[in-house]
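Protein sequences appear in the order of chains A and B. Going from the first sequence to the working numbering is simple: count from 1 and add 6. Going from the second sequence to the working numbering is simple: count from 1 and add 9.
Watch out, some of these pointers could steer you wrong.
Beyond 10 Å from chain B on every Cβ pair, some chain A residues (computed) [what the hints assert, rightly or not]:
hint, residue
1, Pro-143
2, Thr-170
3, Phe-207
4, Ser-254
5, Arg-271
6, Ala-332
7, Leu-403
Examples of chain A residues toward chain B, derived with CB under 10 Å [claimed, not checked]:
hint, residue
8, Arg-41
9, Ser-42
10, Asn-82
11, Asn-89
12, Val-111
13, Arg-120
14, Ser-209
15, Ser-213
16, Ala-301
As a list, the in silico PhoX-like pairs of lysine-lysine whose alpha-carbon atoms are at most 25 Å apart [unchecked claim]:
hint, chain 1, residue 1, chain 2, residue 2
17, A, Lys-122, B, Lys-102
18, A, Lys-295, A, Lys-386
19, A, Lys-241, A, Lys-382
20, B, Lys-157, A, Lys-204
21, A, Lys-65, A, Lys-339
22, A, Lys-69, A, Lys-327
23, B, Lys-157, A, Lys-124
24, A, Lys-295, A, Lys-65
25, A, Lys-65, A, Lys-300
Since the hints were derived computationally from the structure, they do not count as laboratory data. Yeah, the Cβ is synthetic: ideal placement off N, Cα and C, and Gly gets one too.
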Amino acid sequence: MVTMRGLSVATALWAVSLGAAQAQVAVKLGVLNDRSGVYSDIGGEGSEIAARMAVEDFKASEKGVTATVVAADHQNKPDVGSNIARQWYDQDGVDVILDVPTSSVALAINQITREKNKIFLNSGAATSDLTGAQCSPNTIHWAYDTVQLANVTGGAMVKRGGNTWFFLTADYAFGHALERDTSAVVKKNGGQVVGSVKTPFPSNDFSSFLLQAQASKAKVIGLANAGGDTINSIKQASEFGITQGGQSLAALLMFVNDVKALGLRTAQGLVFSETFYWDENDATREWSKRFLAKAGRMPNMTNAGTYSSVIHYLKAVAAEKSKDPAKVMAWMKANPTDDILFGKGSVRADGRKMHDALLLEVKKPEESKGEWDLLKILAKVPAEQAFRPMAEGNCPLVAKS
Amino acid sequence: MADAAVATSGAAIGPPVIEGTGAAGFHRAIFAGLVVLLLVAPFLLYPVFLMKVLCFALFAAAFNLLLGYGGLLSFGHAAYFGMASYISAYSAKVLGFPPELAILAGTAMGAALGLLFGALAIRRQGIYFAMITLALSQMVYFFSLQAKFTGGEDGIQAVPRGTLFGILNLAIDINLYYVVAAIFLIGLYAMYRIIHSPFGQVMKAIRDNEPRAISLGYRVNQYKLALFVMSTTLAGLAGATKAIVFQLASLTDVHWSMSGEPVLMTLVGGLGTVFGPLIGAAVIVSMQNYLATLGAWVLVVQGIIFVTCVLVFREGLLGFVAKTIRRPL
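Let the hints inform the model, and build the full structure from the sequences given.
Here it is, written out as C-alpha cells:
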C-alpha cells in the first residue's frame with residue numbers, strides 16, 4: 007500500500023515536471039517586406055531566410071519556444087502593408103513583425119503594432135522618426151537609421167580629411183533631410199559645405215549636376231538621394247572619372263548588394279556606411295557563407311538586423327516563458343544584446359538598438375580577391391557616436407522620465 | 010489610332026440589350042441582394058479586407074461612370090482619390106475634424122479638383138483627353154511629394170478614426186465596416202440614379218455619337234464636365250473613406266499607377282455595367298491580398314487574369330453574365 011502510494015506520488019511529480027518542461031510558448035514571426043519591387047534585393051526573401059536561420063540557430067524548441075515564420079510582400083504600399091499587418095495580428099496570430107523597409111510602410115506598421123499591442127522589430131526602414139517623434143513602446147529599430155548614416159559618413163569622412171563637401175540632393179523631403187543632417191555633422195566636425203544642387207526626383211540625367219560638383223573642387227561629393235537616383239548618379243560619376251580625379255563620392259544610403267549590382271569598376275572609391283559587413287570577422291564570415299548558400303547572395307545590414315533581432319526576441323521569450331509584449335519588451339530593453347553578427351549591444355529606452363557602425367569604401371577591381379570581396383572597412387564608429395543621442399530625438403516615451 | 014480605338018471601344022460597350030421595363034425591378038432585387046450580402050459579409054471575411062474592397066469598388070465605379078457611360082477615359086483619377094485622402098487625413102488628424110466632416114472635406118476636394126481639371130481636359134477628346142488628365146495628375150503627385158502638409162514620402166500617419174456623429178466608435182472594425190458599406194451603397198445608388206436619369210441618357214447619346222448630340226442642340230461640353238465632376242467627387246469620397254479606414258494617406262494614392270487600378274478593375278469586372286466594378290475590385294484586391302505571399306508572382310498572375318479577361322470575356326466578367334442572361338447589369 008505504502009509503496010503504491012509512494013509510487014503514485016512519484017508518478018504525479020514526474021508528470022508535473024514533464025508538464026513544465028513541455029509547456030512550450032508558441033510564437034509566430036511575420037517578415038513583411040518588399041518581395042517584388044525595388045527593395046526586394048535588399049530585404050525580400052533574404053530577411054525571411056535570416057529569420058528562419060535565427061530560429062534554427064537559437065534551437066528555440068529546446069528552450070521551450072516554438073517559433074514559426076511567415077512572410078508577405080507589402081509592395082512598398084502603406085495600405086497593402088497595413089492591411090496585411092492588421093490581418094496578421096487580428097486573425098493569423100502573428101506576434102512580431104520583422105524587417106519592413108520603406109519608411110511610409112514602417113511608420114504605418116509602427117502605429118498598428120502599438121494599437122494592437124504586439125511587437126515590431128524594424129531593420130529595413132531608414133527613418134529616424136521610429137525612435138524620434140513617432141517612437142512607440144512596442145517598436146525597436148534595429149539595423150540603422152538616417153541620422154546614423156549621416157553621422158558616420160559625414161563625421162568619419164571629415165576626420166579622414168574630406169573637409170569640403172558638395173551635395174547632390176534629391177529634391178524632396180527625404181533628400182532635404184539627409185542633406186540637412188549630414189551638413190550639420192560635417193560642420194560640427196570642422197568641415198565646410200561649399201555648395202549643393204537640388205536634382206529633380208526621380209532623375210536619369212545627372213551630368214550637369216555632376217559637372218557642377220566637379221567644378222566646385224570639393225573633396226567630397228555627397229549623394230543625398232536613394233535607390234535609382236543613387237545608382238544613376240554613381241554610374242554617371244564613374245563616366246566623368248570623378249573618383250579618379252581625386253574627389254570622393256559619398257553615398258548616404260547604400261547596401262552591399264547595390265555595390266555588387268553596380269560592379270567594382272563603376273563603384274570603386276565610393277564611401278558609405280552600413281552597420282554590418284559580411285567579411286568583418288570569422289563569425290560573420292561563417293554565418294554569411296551559410297546565408298549565401300541559402301539565398302544566393304551575401305547578406306546586408308537589413309538581413310543581419312533581422313537575424314539579430316529574432317535572436318534577442320527569442321531569448322526574451324525563453325527567459326520570461328511568456329510572449330506578453332510588455333514583459334518581452336521590458337526584458338529586451340533591460341538585457342544586453344549579444345549575437346554573432348553585431349556582437350555586444352543594447353536596446354535603448356526609446357527603442358533604438360545600439361551597435362557599432364562601419365564606414366566602408368568600395369575596393370578597386372585589382373584589390374578584390376573574390377566575387378563578394380567588395381568593400382574595405384575604413385573605420386568603426388562606436389554606437390554612442392554613430393546614433394542620435396536619446397535626448398535629441400524628442401521621443402515622447404523618454405521625455406517624460 | 011489610339012484615338013479611334015477609344016472611340017470604337019466606347020461605341021462597342023453600349024448596353025448589351027435594350028433596357029426593358031423589367032430592368033428596374035431586376036436591379037432593385039440586385040440591390041437588395043447586395044445589401045444582404047454586405048450585412049453578412051463581415052461574419053465570413055475579415056472586415057478590414059472588405060472595407061478595402063469597398064473603397065476600391067467605389068473608386069472603380071466612379072471611374073466606370075466616366076468611361077462606361079461618358080466614353081471619357083481619364084488616366085488621372087489617382088489625383089482626386091489621393092488628394093481627397095490627404096485632405097481627409099489632414100483634417101481628421103491635424104484639424105481635429107470628426108470622421109463624417111473629414112470625409113466630406115475630402116469629397117469636396119475631389120469635386121473642386123475635378124471641376125478645375127475637368128474644365129481644362131474636356132476641351133480635347135480621346136487620347137489627348139487621357140494624356141491631359143495624366144499630366145494634371147502627375148502635377149498633383151509632385152505637389153504632394155513636395156508639400157509640407159502631406160508629409161512627403163512618409164505620408165500622413167496615425168489618422169484617428171474618431172466617433173461618427175459623436176456616438177459610434179469607429180475604432181471598432183465592425184462599426185467602421187457598416188459605415189463604409191453604407192457609404193459605398195449610397196455612392197453606388199447615386200451612380201445608378203445618374204446613369205438611369207435623363208442626364209444619363211444624354212451622356213450615353215454623347216458617348217455613342219457626339220456630333221449627333223451636338224446637332225440635337227445639347228451643350229456637350231457642359232454635360233461632359235458635369236459627369237466628370239460627379240465622377241471625381243465619388244472618387245474623392247472613396248479616397249477620403251480609405252484614409253479613415255487605413256488611418257493613413259500616402260504617395261501611393263496619388264501615384265500614376267493608382268490611376269491604373271480602377272481601369273484594371275473596371276475592365277475585369279465589366280465596363281459600362283453598374284455592378285461590374287464591384288466584382289472587378291473584389292477580384293483584384295483579393296489577389297493582391299491573398300497572393301501577397303507569392304511576392305513578384307502577384308503581378309504575373311494579375312497579368313494572366315487580365316489577358317484572359319480580355320481574350321475570353323471581352324465585356325468583363327459581369328458584362329459576360331449580362332450578355333448571357335440578356336439583361337443589363
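Evaluated hints:
1. Pro-143: About 15 Å separates Pro-143 (chain A) from the closest Cβ of chain B, which puts it past 10 Å; holds.
2. Thr-170: 29 Å, holds
3. Phe-207: 7 Å, violated
4. Ser-254: At about 28 Å from chain B, Ser-254 (chain A) clears the 10 Å cut-off, so the statement holds.
5. Arg-271: Correct as stated: the minimum Cβ-Cβ distance to chain B is 29 Å, above 10 Å.
6. Ala-332: 21 Å, holds
7. Leu-403: At about 15 Å from chain B, Leu-403 (chain A) clears the 10 Å cut-off, so the statement holds.
8. Arg-41: Check passed: Cβ of Arg-41 (chain A) comes within 3 Å of chain B, closer than 10 Å.
9. Ser-42: It holds, given that the least Cβ distance between Ser-42 (chain A) and chain B is near 4 Å, below 10 Å.
10. Asn-82: 8 Å, holds
11. Asn-89: Constraint on Asn-89 (chain A) satisfied, holds at 6 Å.
12. Val-111: 9 Å, holds
13. Arg-120: With Cβ-Cβ at 9 Å, under 10 Å, it holds.
14. Ser-209: 13 Å, violated
15. Ser-213: 22 Å, violated
16. Ala-301: 14 Å, violated
17. A:Lys-122 - B:Lys-102: 20 Å, holds
18. A:Lys-295 - A:Lys-386: Given pair Lys-295 (chain A), Lys-386 (chain A) holds - Cα atoms ~23 Å apart, limit 25 Å.
19. A:Lys-241 - A:Lys-382: 20 Å, holds
20. B:Lys-157 - A:Lys-204: Distance ~17 Å between Lys-157 (chain B) and Lys-204 (chain A) Cα, so the pair holds.
21. A:Lys-65 - A:Lys-339: 22 Å, holds
22. A:Lys-69 - A:Lys-327: 9 Å, holds
23. B:Lys-157 - A:Lys-124: 31 Å, violated
24. A:Lys-295 - A:Lys-65: 20 Å, holds
25. A:Lys-65 - A:Lys-300: 19 Å, holds
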